[in-house]
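Number of protein chains: 2
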Amino acid sequence: MKVLWLTAHPEPQSLNASLHREGIRALEEQGHEVRVSDLYAMNFAPAVTAADFAHPAEERLIVGDAAKEAVRRGTLAPDIAVEQGKLSWADTMIVQFPLWWYGMPAILKGWFDRVFVAGFAFGIHDAQGRQLRYGEGALAGKRAMVIVSTGAREASLGPRGINGTLDELLFPLQHGTLWYVGMEVVPPLLIASADRADAATFAQHADVLRNRLEDLWHTQPLPFRHQNKGDYDDDLVLRPEVSPQTTGLTAHYRTAH
Amino acid sequence: MKVLWLTAHPEPQSLNASLHREGIRALEEQGHEVRVSDLYAMNFAPAVTAADFAHPAEERLIVGDAAKEAVRRGTLAPDIAVEQGKLSWADTMIVQFPLWWYGMPAILKGWFDRVFVAGFAFGIHDAQGRQLRYGEGALAGKRAMVIVSTGAREASLGPRGINGTLDELLFPLQHGTLWYVGMEVVPPLLIASADRADAATFAQHADVLRNRLEDLWHTQPLPFRHQNKGDYDDDLVLRPEVSPQTTGLTAHYRTAH
Numbered sequence: 029m030k031v032l033w034l035t036a037h038p039e040p041q042s043l044n045a046s047l048h049r050e051g052i053r054a055l056e057e058q059g060h061e062v063r064v065s066d067l068y069a070m071n072f073a074p075a076v077t078a079a080d081f082a083h084p085a086e087e088r089l090i091v092g093d094a095a096k097e098a099v100r101r102g103t104l105a106p107d108i109a110v111e112q113g114k115l116s117w118a119d120t121m122i123v124q125f126p127l128w129w130y131g132m133p134a135i136l137k138g139w140f141d142r143v144f145v146a147g148f149a150f151g152i153h154d155a156q157g158r159q160l161r162y163g164e165g166a167l168a169g170k171r172a173m174v175i176v177s178t179g180a181r182e183a184s185l186g187p188r189g190i191n192g193t194l195d196e197l198l199f200p201l202q203h204g205t206l207w208y209v210g211m212e213v214v215p216p217l218l219i220a221s222a223d224r225a226d227a228a229t230f231a232q233h234a235d236v237l238r239n240r241l242e243d244l245w246h247t248q249p250l251p252f253r254h255q256n257k258g259d260y261d262d263d264l265v266l267r268p269e270v271s272p273q274t275t276g277l278t279a280h281y282r283t284a285h
Numbered sequence: 029m030k031v032l033w034l035t036a037h038p039e040p041q042s043l044n045a046s047l048h049r050e051g052i053r054a055l056e057e058q059g060h061e062v063r064v065s066d067l068y069a070m071n072f073a074p075a076v077t078a079a080d081f082a083h084p085a086e087e088r089l090i091v092g093d094a095a096k097e098a099v100r101r102g103t104l105a106p107d108i109a110v111e112q113g114k115l116s117w118a119d120t121m122i123v124q125f126p127l128w129w130y131g132m133p134a135i136l137k138g139w140f141d142r143v144f145v146a147g148f149a150f151g152i153h154d155a156q157g158r159q160l161r162y163g164e165g166a167l168a169g170k171r172a173m174v175i176v177s178t179g180a181r182e183a184s185l186g187p188r189g190i191n192g193t194l195d196e197l198l199f200p201l202q203h204g205t206l207w208y209v210g211m212e213v214v215p216p217l218l219i220a221s222a223d224r225a226d227a228a229t230f231a232q233h234a235d236v237l238r239n240r241l242e243d244l245w246h247t248q249p250l251p252f253r254h255q256n257k258g259d260y261d262d263d264l265v266l267r268p269e270v271s272p273q274t275t276g277l278t279a280h281y282r283t284a285h
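Chains A and B, in that order, give the protein sequences. Each residue of the first sequence is one higher than the last, beginning at 29 in the working numbering. Each residue of the second sequence is one higher than the last, beginning at 29 in the working numbering.
Hint data in this document are derived by calculation from the structure and do not stem from the laboratory. There are no misleading hints in this set.
One copy or two, either will do: identical chains are not told apart, so a pair holds if it fits within one copy or between any two.
Below, computed lysine to any residue pairings styled on SDA-like, alpha-carbon distance capped at 20 Å:
no., residue 1, residue 2
1, 257, 183
2, 96, 180
3, 257, 184
4, 96, 179
5, 170, 215
6, 170, 62
7, 96, 39
8, 96, 224
Bear in mind that the values here come from a model prediction, so they are computed numbers and not experimental data.
Just chain A, with the same shape it has in the complex:
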């Protein structure tokens, strides 16, 4: 595999950083190539601005349009172009982060806001004029896996846990972002109770991580439904005969998981 490993933790001595180093070592031992975007170490700028698109300051900025135009002209900001180059090179992406306020740290959210722009990551249409997204699109053929650490205990992220399940919390990322641009997404790896990890727990986490990485290319991805294979109508609503009576996030999986 050619792996792009995104990580976003401010502390090089953290559990996240240790697992990151372990994971890279494991991948290289397994014969894979790895490139890293350590967003804190890079001091990555998270906020979308007109400067991303070399957009004239006096003209109204419409983000999607400005992005497409900049992609067409090759005038995206250099730090964005570098990240897109890594992504084009990779066949696999790891997205690793501590869960902050039940989502990604801002620096990582900003990576997606700035790098996954219209004209690069989405915005391609087929002969029928349908946009290729949700299972098809510019980044189809690649795989992704999310690795997330939480202070919360695992039970509180279970089917009846107060925080909601991890798959529900990650729906905007796993389905709305990674699957949206065409990537297959394997189940996430949760490192719960991360604040209380001792050396023995760390060794266990590292073992699980090595196994998950070794199996990554053969792991069954999350069974999200394709936009353009008959399940959705033209308003992108599930057709009545598809999982009738089911509403909510689970309706967008082909099978229970």
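Once you've looked at the hints, dock chain B against the given chain A.
Using the frame of chain A, we list chain B on its own:
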């Protein structure tokens, strides 16, 4: 009301910015006081760093611990302290943003990461040692409302729409963040198909917005369950007799909504 209005759009000529100005005018006409955090105009820094806490560079940064210590000593970074001051002043918070990758723009996510820190927004315990959160806590007694614009059409954000429903996408913010720190959250205001809004549509949106603001203090909040009022066990899992057989995000509402 004393309203803190958070907004996060890079373009002052956008639909978001126009509605923002309309909303403030309406609130002031209704006799309320308003303070604004226009994060792009402020060039707000989104990434949590050791400098937020005046934390010694050579010591391992554990974010929660460093935050509590900085709150105790009064050494939080000045830009964070200013935002916390506005929040302490306010009884109501509006959180307005364009939905980017099914979540907040990074600059706004970073506001919560940096301002809602341990020791200020949460981390208070009762006499039984239970943490006061999910309906109780440091910011209890305040109200919040989310205003979100989307390029997507409304149907695709409905109960069987491909994007998931707005309440599901906003669960990490409305439940996991605002309710977590004790705020009551009224239903969100969705401005769908925002890319296609003409003058007539804008006038309709502005009308709805004025009405929602006028009713805000008397609107029924989302019926999220309290952590400490009997519905959850000590692992923060719903007790078996509470909505038995229900799993997923809807289980954390007291009544269907």
